[in-house]
Every structure is written in C-alpha cells, then in structure tokens.
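Here's the letter readout for the chains.
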Amino acid sequence: MIGKIREAAKRMLDDGTVRLFLGYGKNGLGDTVPVFLKHKEDVEALYWDETCRYNLTRYLTDRDVICLEEGPVGVIVKGCDQKSLKVLISEKQVERDEIRIVGVVCSGMKDDNEEILSKCGTCDSWNPDETFCDIVIGQTVERKIEEDEYSDVEEVEALDPAQREKLWGKYFDRCLRCYACRNVCPLCYCKECILEQNDPEWVPPSASKENNFYFHIIRAYHLTGRCTDCGECERACPVGIPLRTINRKMIKAVKDGFDFVAGKDPEARSPLTRFRRDDREDFIT
Amino acid sequence: MSFGEKTVLGKDELFRILKSISEGCEIIGPVMEDGKPYFRPVEGVEDVAWDFDTTVNGIKEFFFPRRSVLYEQTNDGIRPFDPETDKKRIVLFSRPCDARALTITDRLFMGENQDRVYGALRANTVVVGLSCEKAGPHCFCLSVGGSPFGTEGMDVSITAVGDDEYVLDMVTDRGKAFFGNRGRKADSKRLQEFETLKKRAEESVERTMRIPKDLPSAFESDYWKEVSAACLKCGVCTYLCPTCHCFDIVDEGFYRVRCWDTCSFDTFSRMASGEDPRKDKYMRYRQRVYHKFSYYKENFGVYGCVGCGRCTKHCPVKTDIVEIVSSVDEKGMP
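Residue numbers (my numbering), protein chains in the order written: chain A, 308 to 592; chain B, 1219 to 1552.
Isolated chain A (complex conformation) (with noise of 0.2 Å):
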C-alpha cells in the first residue's frame, strides 16, 4: 500500500498536479507524524500503518503552512477524514479543484497502546468514495457494518439532571482550556474564533469548572450538525474528556430532528444554516 501511495505522491509533485503533498511520515521516536512535502525526491518519508490517526483535512484551512490559492494541495484521506473534507466543500473553505485527494482504504486505526479506536467500530466508511476522490488506494475492504446504536449518549441521557452535571463537572473541571480540541478539528476553522474575542469577552478564558462548561457548550453547538464524528478532538484531549460523547449527542438531535447526517454529501447545507418551508415546527410554541 505504501508503495502506492509514495507513487501517487511523486507522480503528483512530479508533474506539478500539486505543489505540497500532505500525508503521514514518522519522527524520530519512531511515531506518526503529519508531513508537508514539496518535492518528489521527499515521498521516501511517507508511512502507513494503523498509527495514522490523524485527520490531515485540518491543515488545509491552516493558513500558517497552506495558502489554497497558491496552487493544488494533495492529502490523503481515510474514509472518516473524507467526511471532514466534504463538509469543508460545502461549507466553501476548500473548492474540490484546489485539491487531489488520495484516499486510503483503512481497516481501523489504533491508539498507543494497540487497541483499535472507538470511532472504528461504528465506522461506515472504510473504503472512501471513489466517485469523490481523485485515487483511492487499497483493496476494498468488505465488513459488515455495526450499527451505531449511541449506546454511550444514551448512557449519559438516562441519567438525572443533577448526576449529569455532576459527571461533565468532573470532566470539565479538568479542562485546561489548552484549545487541542477545536485546533485539531478540521471544521473549527474561523480565523477568528469566539473564544478569543475580547470585546466583549463572550467566555472567560480562565479555566474554572463554570467557564469551561461556556466553553464546551459553546463548542458543541458551533458543532451542530456539521461535526462528522472523526473523534480527533478526543483523540487530542490530555486530559480525557469524552468529547465524542457531546458531539455525538448532537448528531444524534440532528440525524433524529431533520433526518440529516453531516459529511455524506458535499453539496449538502446543514440544517442549521439553512431555511425550508418544510422545516419543523412542532417544537415552537
């Protein structure tokens, strides 16, 4: 597969299609790392294994290390990432031509201890989508998909008010309100974000347990029916706050009030960027 993929990368870098490849190499400690390559004689430096958790989506907006209009970007994409990338499509931060897209076909990833990640096990898309992507690479997997039954939202919605808060004060408490949340995410995008607006100074940024729950129902919401379930933000948590517990709580709003799921679709608007006469209504009293 590897083979593959550094081919694809050098044809690309070679024949100019794109001018910076992004993909998945290793540091020193023998780790995955995101790499940013600019020359064919660099794909030498491209790994896959199970260890490339990491949705690269989140650097095309980083306007720090890729400026779009400067010329095409290719990155790779699993099929969770390919999600991300559509609904940055649709949300018009990246345009399909400004991009090649590698698709990888991945058979689940695994944390630093060798378990397969959560987010694996539901997952519906490990073969990414050949009519999206410009190469997809890797044999078609064929597994029965699981349904998601959010049994771990549900877990949280059975309980009372009072226990409920208790648990995110728990979990919030430990926040260290160190953002690796909304930077890894691929759709926390905005070049200025509301946590940093300082006149007025919508969240405190000190870190108390009642300015990080601002702070983490704030994120959930700006999250609402766009987020795709690609669990970076978990992933990038030092702390563990089971983050994909929130987000998916509003896919679950979201696919249960307006039939809608984030990330199928480029074309697609979000329910809650969007006016239809058929909307519902039933819940305005």
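Check before you lean on any hint, since a few could be wrong.
DSS-like, lysine-lysine: derived pairs with alpha carbons at most 25 Å apart [what the hints assert, rightly or not]:
| hint | chain 1 | residue 1 | chain 2 | residue 2 |
| --- | --- | --- | --- | --- |
| 1 | B | K1443 | A | K498 |
| 2 | A | K426 | B | K1254 |
| 3 | A | K345 | B | K1352 |
| 4 | B | K1443 | A | K317 |
| 5 | B | K1536 | A | K345 |
| 6 | A | K345 | B | K1497 |
| 7 | B | K1224 | B | K1417 |
| 8 | B | K1229 | A | K317 |
| 9 | A | K426 | A | K333 |
| 10 | B | K1224 | B | K1237 |
| 11 | B | K1407 | B | K1224 |
| 12 | B | K1443 | A | K333 |
| 13 | B | K1254 | A | K417 |
| 14 | A | K347 | B | K1443 |
| 15 | A | K473 | B | K1417 |
| 16 | B | K1224 | B | K1352 |
| 17 | A | K333 | B | K1536 |
| 18 | A | K516 | B | K1224 |
| 19 | B | K1431 | B | K1443 |
| 20 | B | K1549 | A | K347 |
| 21 | B | K1403 | B | K1417 |
| 22 | A | K426 | B | K1536 |
| 23 | A | K417 | B | K1536 |
| 24 | A | K516 | B | K1305 |
| 25 | A | K317 | A | K451 |
| 26 | B | K1497 | B | K1549 |
| 27 | A | K333 | A | K417 |
| 28 | B | K1352 | B | K1229 |
| 29 | A | K333 | B | K1417 |
| 30 | A | K473 | A | K311 |
| 31 | A | K477 | B | K1254 |
| 32 | B | K1497 | A | K498 |
| 33 | A | K345 | B | K1549 |
| 34 | B | K1305 | B | K1394 |
For the record, the hints were derived by calculation from the structure and aren't laboratory data.
Dock chain B against chain A, hints included.
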C-alpha cells in the same frame, strides 16, 4: 542527624509518619483518574499512589494556578485578593523533574519582585519528593541538568530501596522540621544499594537532547518553519510543561484574574492595534524553543526545561522537541 545523612524506614512506618505530619494540611498527591495519573488534592495519605508513571499534569498548578484572582472590586474600592496563606499544604511524591521545575520558576516569581500568589503558595507548601526507579520513554532529565534521583526543589526526598523499605533524605531545614528525626541511620549496605539504584535509574534515561551552543545563530533559519508545520497551535505542551509560566490578566466581573496563556496561541502576542510581532506559527514555536534554551538560560542561568517529556508525550501530533532542538546544529543553521 546531620544534613545529607540518610535514614531508612519501612513502608508501614513511613505511611504512619506521612499520615501524622499531614494532619491538618491540604494534601496534594498522585491519584489515578480514569486510568491516568494526575496530581490532585486528596482526602488523605491512603488515597495517594506509590507507584505511578509520569503524571499528566505536574505540580505547577498548585503554585501557579490555572486561575488566580489578583484583585477584587468591592464597595470600598479595589482590594488585593490574598491566597489563603495560613493553610499548610503538603505535596506528596513529586517526581524530581517537577520539584526541580519549582526552582526554575522560583527564579522568575521569587526574584527581585516577588509574586504575591506564587510566593504565598510556595511558602505554605512542603514538597516531599519520590525518586524515579526507572525513566519513562519520553524522559530526558539528564540532558538539562536533572536526575531521576535529583532532590532540587524538594524539602524531603524519598527513595524506594526494595523490600518495602525507603531511604529518607532531609533536603531542607523545613523538611527536617516537618519530619523530625525519623528512621534509623542508613548503614553502608543500604547506601551502597541506594547508589546502585541511582546508577540504574540514570542509565534508564534513554533520550538525550543536544542543546546547540549557539542557538541565536539559527534564529533566521527556515528550519523553524519546517519543524513547526504540523503544530496545531494548541496549549498542550505549554500547559503541561512544569516550567512554562506565561499568563494573561483578564477582568471577570468584579475580579481581576490571572490565567494561563501560551506562546502557541494565535493571539498570544497580538496587540490591540492588530499588529503582531510573532504573527506566524513558526515564530511562536521558535519563541518556545528560544525561551527555554536560550533566553531563560541567559537571564536566570538555567534552561527552562526539566526533561519530563510531557510535551512530546501528549502532543496531539507528536511534535518532538528533543529531536527538534538536537538537530538545530545539523539542519537549522543558515
């Protein structure tokens, strides 16, 4: 008993002593939370873990809190908000790197102008350290002047020497006053064993950071752009770092609050006019490296790093400062 003289104690006895001396104190120690070790305030000595890997957080936040109120607006005007200085605290089982980090931040906060909050929290806290039997995979303390058996920043150092026995080393007068004369004098066999374990622990430190002699010469190099490309600009490395101490001061209602801030953030050096002397990511990453390995050394005589390896271990994209700093001479010189 004189200083530098080590005593030996059994685990049960040590436990009893720790329990009696921490009576009436707020106790801070390592505990497991959802499978990971953290330093937290605990109810009693029995809650503290005796064997644990590098904790996620260090003990920094108990001296330089994530949020500290500096002033309060009252009906009678603005009043300085003092931390509870009369409350005695004891930190149990700080690792040598975390304790040593206090001596590094002391140079800034307890120098010419003593910081009110930090100074008070340092004054009311006794630090009991626990030597590392074995280094973790990310540790590199030896490269920056530390050691798995180091005692800097501790009041008392404890080392496990096998068979549930512990060697006690009174590092400061305060530690001695707190502990009193405890245990029996370590005999030459125990001292020999101590030295063997120390050597073994030091040999278990696998990583080495080569700090360039002339970092300022690499300032303009494109190297910093390359090595920081994947950086997410989050605060994981700096917030978990035991020596990073940058802060912001904000008003929250009636309180003027100091909270952590980090050079990684986009807005860190942005001025009210919108001008930003370190507007690009690489400039801020470079600032982090230079602050630790050039400016701090120049200003205070020590590196702003204790080699705990948390920044590498917890970085969401595994940016490895050891490799980055060590390769400056080879790849970073213009």
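Hint-by-hint comparison with the structure:
1. Taking the CA atoms of B/K1443 and A/K498, the gap is about 20 Å. The hint holds against a cut of 25 Å.
2. For the hint pairing A/K426 with B/K1254, the CA-to-CA distance comes to about 21 Å; that is within 25 Å, so the pair holds.
3. Distance restraint check for A/K345 and B/K1352: the Cα-Cα separation of roughly 41 Å exceeds the 25 Å cut-off, and the hinted pair is therefore not satisfied.
4. For a cut-off of 25 Å, the pair hint linking B/K1443 to A/K317 stands: about 22 Å separates their Cα positions.
5. As the CA atoms of B/K1536 and A/K345 are separated by approximately 21 Å, the hinted pair is consistent with the 25 Å bound.
6. Note on A/K345 and B/K1497: the hinted pairing holds, with a Cα-Cα distance of about 23 Å set against a maximum of 25 Å.
7. Distance check on the hinted pair: B/K1224 and B/K1417 sit about 17 Å apart at the alpha-carbon level, within 25 Å; holds.
8. For the hint pairing B/K1229 with A/K317, the CA-to-CA distance comes to about 62 Å; that exceeds 25 Å, so the pair is violated.
9. Restraint check for A/K426 and A/K333: satisfied, since their Cα atoms lie roughly 23 Å apart, inside the 25 Å limit.
10. For the proposed pair B/K1224 and B/K1237, the alpha carbon gap of about 21 Å is at most 25 Å, so the pair holds.
11. Restraint check: the Cα-Cα separation between B/K1407 and B/K1224 comes to about 12 Å, which is no more than 25 Å; the hinted pair holds.
12. Our distance criterion of 25 Å between C-alpha atoms is met by B/K1443 and A/K333, whose separation comes to about 18 Å.
13. As the CA atoms of B/K1254 and A/K417 are separated by approximately 18 Å, the hinted pair is consistent with the 25 Å bound.
14. The straight-line distance between the Cα atoms of A/K347 and B/K1443 is roughly 19 Å, inside the 25 Å bound, and the hint therefore holds.
15. Restraint check: the Cα-Cα separation between A/K473 and B/K1417 comes to about 46 Å, which exceeds 25 Å; the hinted pair is violated.
16. Annotation: proposed proximity of B/K1224 to B/K1352 holds, straight-line Cα distance about 21 Å (limit 25 Å).
17. With a CA separation close to 9 Å, the supplied pair A/K333 and B/K1536 stays within the 25 Å bound.
18. Restraint check for A/K516 and B/K1224: not satisfied, since their Cα atoms lie roughly 43 Å apart, outside the 25 Å limit.
19. A hinted pair counts as satisfied when its Cα atoms are at most 25 Å apart, and B/K1431 with B/K1443 qualifies at roughly 21 Å.
20. For the suggested pair B/K1549 and A/K347, the alpha carbons sit about 20 Å apart, so the restraint of at most 25 Å is met.
21. Only pairs whose Cα atoms come within 25 Å are accepted, and B/K1403 paired with B/K1417 is accepted, the gap being roughly 22 Å.
22. A hinted pair counts as satisfied when its Cα atoms are at most 25 Å apart, and A/K426 with B/K1536 qualifies at roughly 21 Å.
23. The suggested pairing of A/K417 with B/K1536 holds, with an alpha-carbon distance near 15 Å, which does not exceed 25 Å.
24. With a C-alpha separation of about 23 Å, the suggested pair A/K516 and B/K1305 falls inside the 25 Å cut-off, and the hint holds.
25. At most 25 Å may separate the alpha-carbon atoms for a hinted pair to count; A/K317 and A/K451 exceed this at roughly 35 Å.
26. Among the hinted pairs, B/K1497 with B/K1549 is consistent with the structure: their alpha-carbon atoms are about 24 Å apart, no more than 25 Å.
27. Of the pairs offered as hints, the one joining A/K333 and A/K417 holds, with about 16 Å between alpha carbons and a cut-off of 25 Å not exceeded.
28. Proposed proximity of B/K1352 and B/K1229 is supported: the alpha carbons are some 19 Å apart, at most 25 Å.
29. Under the criterion of a C-alpha separation no larger than 25 Å, the hint pairing A/K333 with B/K1417 is inconsistent with the structure, at around 32 Å.
30. Proximity of A/K473 to A/K311 is assessed by CA-CA distance (about 50 Å); at most 25 Å being required, the pair is judged violated.
31. At most 25 Å may separate the alpha-carbon atoms for a hinted pair to count; A/K477 and B/K1254 meet this at roughly 14 Å.
32. The suggested pairing of B/K1497 with A/K498 holds, with an alpha-carbon distance near 13 Å, which does not exceed 25 Å.
33. A C-alpha spacing of about 17 Å is found between A/K345 and B/K1549, which places the hinted pair at or below 25 Å, so the restraint holds.
34. For the given pair, B/K1305 sits about 19 Å from B/K1394 by alpha-carbon distance, which is consistent with the 25 Å threshold.
Of the numbered hints stated above, those contradicted by the structure are hints 3, 8, 15, 18, 25, 29, 30, listed in ascending order.
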